[in-house]
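Visitor: Since the structure of chain R is already known, use the hints to place chain Y on it.
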Amino acid sequence: MPREQIDQLPIVRDGSHFDANGDLTSNTWYQTGEHEYIYHTDANGHIDRFIAEDVQLKTHDGRLRHDGNTPGKLPGGHAGHLASDGLGGSPFRDNLVSMLSTHNLSSFRKLEIAWERALLSDPPGRVSVEARIINDPTGRPQRFEIRSVINGRRVDLDLNQ
Amino acid sequence: MSEQEILRDLISKWVSLSVEYAGDAPDVRAFYIYGASEVPGVTYVNVLFDQAGQIVYPTDLVGTDSSTDRAGQIQSLFRSDLYDAADKFTSIDVPPPTEYRVYYEPSSRKLDVQLSREVIYGDSDKTPSVDGFTMWLGDRAPKL
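Residue numbers (this note's numbering), protein chains in the order written: chain R, 1 to 161; chain Y, 1 to 144.
The hints are simulated quantities; they were obtained by calculation from the structure and are not laboratory data.
Just so you know, not all the hints are guaranteed correct.
EDC-like mimics (lysine to aspartate or glutamate), calculated; alpha carbons at most 20 Å apart, straight line [what the hints assert, rightly or not]: (1) R/Lys73 with R/Asp42; (2) Y/Lys13 with Y/Asp125; (3) Y/Lys126 with R/Asp122; (4) Y/Lys143 with R/Asp122; (5) Y/Lys143 with Y/Asp84; (6) Y/Lys126 with R/Glu145; (7) Y/Lys143 with Y/Asp125; (8) Y/Lys143 with R/Glu36.
Isolated chain R, as found in the complex (with noise of 0.2 Å):
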């Protein structure tokens, strides 16, 4: 999504994507993480929606413990962040989904050590990553459509599940 359009949205900046019961606002732009990362929520609150315009590595130390308790998800499934820990994903619900495990263990995986790796290198490269979440009405993602640039470089993948 280009800047000025980014610019023109009604995002929510101070926490209150969160209703007093703990769960999603619907319909809902925000900003969370440690690099103010951008989602929104579909209709029944779930999280449809991840921009991260530049992404960035951690600030933080160690390994934040994160929230488990994703909707739809199944057992031996993941609660698994859209920005990684490593990329000062938020810790909780707002950056986390269900997930298959060999998604969040391998393909979905795999694609953020090449974030970070770019992120990483001399001089340091430069990374944007939009994607779209198909959810079921359980909130459960059916499918990933992560559309990414790194260095320039294009790279669109599809995680079903």
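Guide: Quick look at chain Y alone, frame taken from chain R:
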């Protein structure tokens, strides 16, 4: 539509898209189109170009519009064709291929297609967007 007709249609569309993308770029000697699709699993399709002996990503092709938006458009069209073909395979009860390796030389119109129906990425630590071209082309594949 038979299995062979579905495949011929898909490969023809992919090659045509690659020809269109390359446009007037000089000294484009070959296209390497790599596709992977597993359900559940990953779907990825992209093309590399041999330009003057160097294999490059679409955004590195010289002499044509190689913007990231256009590189995204061609990948989107590749995937759309792939999903259409998968539906057609399903309609005739034929399992779709999981991997496509398509080599095309525009000057001689030489075409080589290799298919697989093995699960390649499902239980591995690899992903096609990072590893697919490297598994096919080895060190000749450009690094991300």
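Visitor: Could you run down the list of hints and mark each one as holding or not?
Guide: Tested hints:
1. R/Lys73 with R/Asp42: holds, 17 Å
2. Y/Lys13 with Y/Asp125: Violated. Y/Lys13 to Y/Asp125 sits at ~31 Å, over the 20 Å cutoff.
3. Y/Lys126 with R/Asp122: violated, 25 Å
4. Y/Lys143 with R/Asp122: Distance ~15 Å between Y/Lys143 and R/Asp122 Cα, so the pair holds.
5. Y/Lys143 with Y/Asp84: violated, 30 Å
6. Y/Lys126 with R/Glu145: Within the cut-off at roughly 18 Å; holds.
7. Y/Lys143 with Y/Asp125: holds, 18 Å
8. Y/Lys143 with R/Glu36: violated, 29 Å
In summary, the numbered hints that this structure violates are 2, 3, 5, 8.
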